[in-house]
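Engineer: The task is simple: from the sequences and hints, build the whole structure.
There are 2 protein chains.
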Amino acid sequence: MNPERIEVRVGDTASVVWVGRGALEDPRRFLESPSGRWLLVSSRNARAVAARLREALAADLLLDLEIEDSEERKTLDTVRSIVDRALEAGVRRDDAFVAVGGGVVTDLVGFAAAIVLRGIAWNAVPTTVAAMADAAIGGKTGVDHALGKNLLGAFHLPRSILVDPSASATLPARDLASGLVEAFKGAWIADEDLSTQAESRLDRLLSRDEDALTDLLAGAVRVKAAIVSSDPFDRGSRRLLNFGHTLGHAFEAAGGYGHLRHGEAVAWGIAAALSISAERAGLSASDSARIRSVLARLGPFPEPVRARETLEPLLVRDKKATSRGLAGVLLEALGRARVEESIPVEEWLAAAESVTIG
Amino acid sequence: MNPERIEVRVGDTASVVWVGRGALEDPRRFLESPSGRWLLVSSRNARAVAARLREALAADLLLDLEIEDSEERKTLDTVRSIVDRALEAGVRRDDAFVAVGGGVVTDLVGFAAAIVLRGIAWNAVPTTVAAMADAAIGGKTGVDHALGKNLLGAFHLPRSILVDPSASATLPARDLASGLVEAFKGAWIADEDLSTQAESRLDRLLSRDEDALTDLLAGAVRVKAAIVSSDPFDRGSRRLLNFGHTLGHAFEAAGGYGHLRHGEAVAWGIAAALSISAERAGLSASDSARIRSVLARLGPFPEPVRARETLEPLLVRDKKATSRGLAGVLLEALGRARVEESIPVEEWLAAAESVTIG
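Taken in order, these protein sequences are the chains called A and B.
Quick note: the first sequence uses numbering that gives the first Met the number 0, first residue 0, plus one each step.
Quick note: the second sequence uses numbering that gives the first Met the number 0, first residue 0, plus one each step.
Any given hint might turn out to be false.
Put simply, identical chains are the same to the list, so a pair is met inside one copy or across any two.
[What the hints assert, rightly or not] Restricting the straight-line Cα-Cα distance to at most 20 Å, the calculated cross-link-like pairs of lysine to any residue (SDA-like) are: (1) 148 to 88; (2) 148 to 79; (3) 148 to 192; (4) 148 to 314.
Treat the hints as calculated values from the structure; they're not laboratory data.
Structural biologist: Here it is in C-alpha cells:
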C-alpha cells in the first residue's frame, strides 16, 4: 500500500508529508535522518505507535523518551528537558528527532530540534486527527508562556511527516470530533469539492473509516501545504489557516484551556466568523448553513465563555494583533477565504455573544 | 561621515553591516524596526554606547534592560529572562531588539529575538573588537549548556549591525588584543592584502587608531559576509571561519573559560594549526612566520592546558564532529584556507602539546 506524497516547500528546505494507511508499516522508508541515528520522543497517549517505531528504529536509537501530551506541559522547561536528554545522549548535528503524539508533542519536539546544536532534523508522526490535519504541518513549533499560548517558538520544518489514520485508532471520540473541525476548516477555506465529499461521508468519518479519513486528511494537508509553501513565514496567505482562530483562541483562553478542546473552540470561532462573513464578505446563507450543519453533527460542544469583559482583553493582546489592529479571516463562499485587515473588536465581541452552532 | 555598507545575504533574508566612524552618531539612520519600536538590551560594560542609543531611541523604547556580559550568564535562563521582560512589555511581531555589548550579549539577544513570537527582528551594536569582527556577523546566536559551549541556539540574522570602532574606546587592552586575533583570522583565511596592510599597522591597531581599526574590521567583515552568504547554514565553506577554533575551543574549555579569552585560545589554536598546515597543506615557512609574528606581537597570551588526557575528550565531543570524524581548517598559503575532513585526533593532540607562538 502506497501512501500519497505531498511536499511542503519553504525556501531551500522542504517537508514531505506521507498520507495514508501503510505509512507506519515500514517507517524507515519514510522517516529521514542524515546520520541514520534517531531520537524518539513519544507521548504517553501514543504507546502503540511509539512501540511500532521503537521496533523499527531499535538498532539506531540514541534516545527513547516518553513525555506527557498535555497543554500544561507545553513549556520551555519541557523543551529544556528534551534538549538535556538529547545532549546527554551525545546528539550530533546529523541526527534526527522523531516526535510521536499529538500537537503538543510535535510542537515541543520541533522546537527542541530547532534549538539543539542550532537546529537538527526532525520528523513528525502525529497520532491525533488534529495534529494530522494541522499542527504537525508547516514548521510552526513552540511552547506556551505564562502570558499566553505559543509565545515562544521557531519555524523549523520537519523532514518527514507520517499521516497514517490508523494511528488515531484509540483516540477518544471527543478528540476525533475536535480534530475533524480542523480538517474541515482546510476544506472550507480552499476546497469546496473536498468539503462536499467529506460532508457526505460524515458518518463514516465519525466511525473512523480509514478511507474516508485518508481522503479528508490528504485534502486538508494539500490545502495547508499549498498555503504554507506560498507564504512560509506567516505574513500573507498563511493567515487564511487561522479561519475561526481569532475568537477560537480567545474562547480557549477564556475557559482556561481545560474547558474546551482546541478544535471545539475553533468550531465556535468558525460559527462566529460565519456571521461576520455574511455581513462583510457576502457569504451566502446556504454555504453558511452547510458549515453549521457539519459543526452541529460534530458537536455538541461545551458552551464557550461569551462575556465581553473576559474576551476583550484576550482579543486585544492576540499575537496576531499588529500596530494596525486585529485582522480576521472571512469566507466569501465555501472554499474561498480572505483576510480582512482591521475588524473592530466590537464586531468580534458581538459575534461571540450571539454565536450558535447548527 | 559615511560608514561603509556591507551586505550579508542568506536566502530571502539579509543583514546590513555598517562599518566605520559615524555609525553611532545617528543610529536611527542605520537600525531597523518594522514598527519603529525598540527593545534595548545592553551590557553593563557598554554603558556609554547604551546611553547614546537610549537617547536616540527614547521616544519609542519599549524595553530598556541591562544584563551582564559574562560567559557564565550566557545561558537559557538569561534568554528566558529577556523574553519574559519583552513579553511583559507587550512586544509585538513587528518590534525589534537592539543588542549593545560584546559577543555574549549579541548571542543572547539574537537567540531571544529568534524565539519570541517565533522570531522578531533584531539589531546588533557590538562594543568589543571580537564581536565587531566576528560574533555579531552571520546570524549564529546561542547559549551555553552544562555539557558545552553554544550547544543551544538558532540561525537568526540581525537586520542591521553597527560596527563603529569608537564603541571600543574603553575596552581593556587584553580584550583589544584578543579581538584583533579574530579580525586577523579573517585576513589570514581569505585576504592576503588585508593581512599585509594590517601587519604594517599593528602598532596603530594596538593604540586604537580608528582608521586602522576601521580598515581591518571592514576587511574582516567583508570576508565573513562573503563566506556566510555563500554558505548560510554552516555546511561547507563557512567552516573556514573556524580556523584555529578546533583546538581553540578545546584550550578554552580545558582552562575553564575564565583562564583564556576566546581570542587567546584561538591564537593558540591558530599557531597549532600552522604546524598541521605545513605538513598537510604545504603552508610555506615564510607565511607561517608572518602569522606567528603577528600573534607574538598581540601576545604574550597565558599558557594553555596542553595535557592530552584533558584535551582528547574535549576534541572528541566537539559539536563539529560528525559520524565521519573531526574536520579541521588548514592554510595552504596566507589568504587561502581549506577544510580537511578527517584529521586524526592524535595529530591535533601532538600539535597542541608542542605549540609555541612567535
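Engineer: It remains to establish, for every hint, whether it holds in the given structure.
Structural biologist: So, going through the hints one by one against the coordinates:
1. 148 to 88: between (30 Å within a copy, 16 Å between copies)
2. 148 to 79: both (18 Å within a copy, 16 Å between copies)
3. 148 to 192: neither (33 Å within a copy, 53 Å between copies)
4. 148 to 314: within (13 Å within a copy, 40 Å between copies)
Violated hint for the displayed structure: number 3, the only one.
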